[in-house]
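Per UniProt numbering, residue 1 is the first one in the first sequence, and the count goes up by one each step.
Note that these hints are calculated values from the structure, not bench results. Yeah, the Cβ is synthetic: ideal placement off N, Cα and C, and Gly gets one too. Any given hint could turn out to be false.
Cβ pair distances, simulated, as ranges [what the hints assert, rightly or not]:
{"#": "1", "residue 1": "213", "residue 2": "171", "range": "19 to 25 Å"}
{"#": "2", "residue 1": "50", "residue 2": "268", "range": "38 to 44 Å"}
{"#": "3", "residue 1": "127", "residue 2": "252", "range": "26 to 32 Å"}
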Amino acid sequence: MPELPEVEVVRRGLDRWVLGRPIESVEVYNPRAIRRHTAGPLHFAEVLTGRTLRAAHRRGKYLWLPTDGGDALIGHLGMSGQLLVQPTDSPDETHLRVRIRFAGEDRELRFVDQRTFGGLSVEPLPDPEDVPPSIAHIARDPLDPKFDPGAFATALRRKKTGVKRALLDQTLISGVGNIYADEALWRAKLHYARPTETLTGPAIATLLDGVRAVMLEALDQGGTSFDSLYVNVNGESGYFDRSLAAYGREDEPCPRCGTPIRRDAFMNRSSYTCPVCQPKPRRARW
DNA sequence: TTACTGACCTGCACGC
DNA sequence: TGCGTGCAGGTCAGTA
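Produce the complete structure using the sequences and hints provided.
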């Protein structure tokens with residue numbers, strides 16, 4: 001599943017392979033892949049054709065690529081999305097949704113998405129130095145140099161919810177998905193249902209350290225390839241799943257204390273914890 | 001205003 | 001072999 005490190009790997013690939021190349025044509029094979037572009041597939045293709053992508057930016061798990069026309073191509077990989085730079089003559093992927101060809105290039109950009117939770121859109125970019133309006137509500141991620149740990153701690157304690165639910169709230173802190181939330185909580189020895197208002201300053205600092213550490217380790221290894229759904233722009237998988245301590249390790253021994261890892265249903269998904277290292281709080285918030 | 005829930009979507013694993 | 005069901009999970013609209 002693409003989380004922040006995976007998206008950053010993709011951003012770096014886009015930065016290397018697609019910038020400065022005029023777009024020759026755009027083909028949309030599944031309208032759902034551009035559902036956020038409300039003007040429709042034809043408009044999406046028309047507005048991009050002839051444009052040149054100038055940069056590749058990221059806010060949390062969103063990517064945006066400003067064009068020379070005062071707008072930006074915005075992308076989100078969802079759960080299974082891939083942005084691939086492929087030779088123009090290579091066979092189409094089964095779930096190819098959008099193809100972008102560049103003038104005079106033997107490589108093209110493909111948006112491939114099995115589950116179509118991700119998508120692309122184009123929208124005006126009033127300030128080239130700022131984020132697009134549609135993703136302005138997304139908070140900075142903990143790897144962002146301008147991320148403010150003090151403001152995060154204040155906002156976190158103001159919430160009246162469980163700490164994992166808060167970590168998954170992209171308006172509070174971005175880039176944390178289910179996998180890295182579980183890993184960061186394991187590192188910080190916090191149960192996912194710990195009420196946010198009971199977290200101390202040092203506990204929040206430890207949690208942030210855990211989030212940063214797990215993201216940086218994933219980034220070093222090219223992202224988390226938990227299944228075959230995630231690959232970088234060159235189609236290569238990462239290997240970070242080998243380093244996961246809790247997520248996906250149900251009944252396996254906790255790397256810290258040896259107690260079998262437990263899986264609970266949480267928010268229509270799974271949560272993995274060590275029942276000894278991460279004891280359930282007496283007063284839990286789900 | 002804030003917290004929470006469910007829908008969206010598709011391929012795979014599993015049981016019958 | 002084929003069918004039905006459950007599961008995976010990021011985001012956001014709708015509800016409480």
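Any of the earlier hints contradicted here, and which numbers? 3
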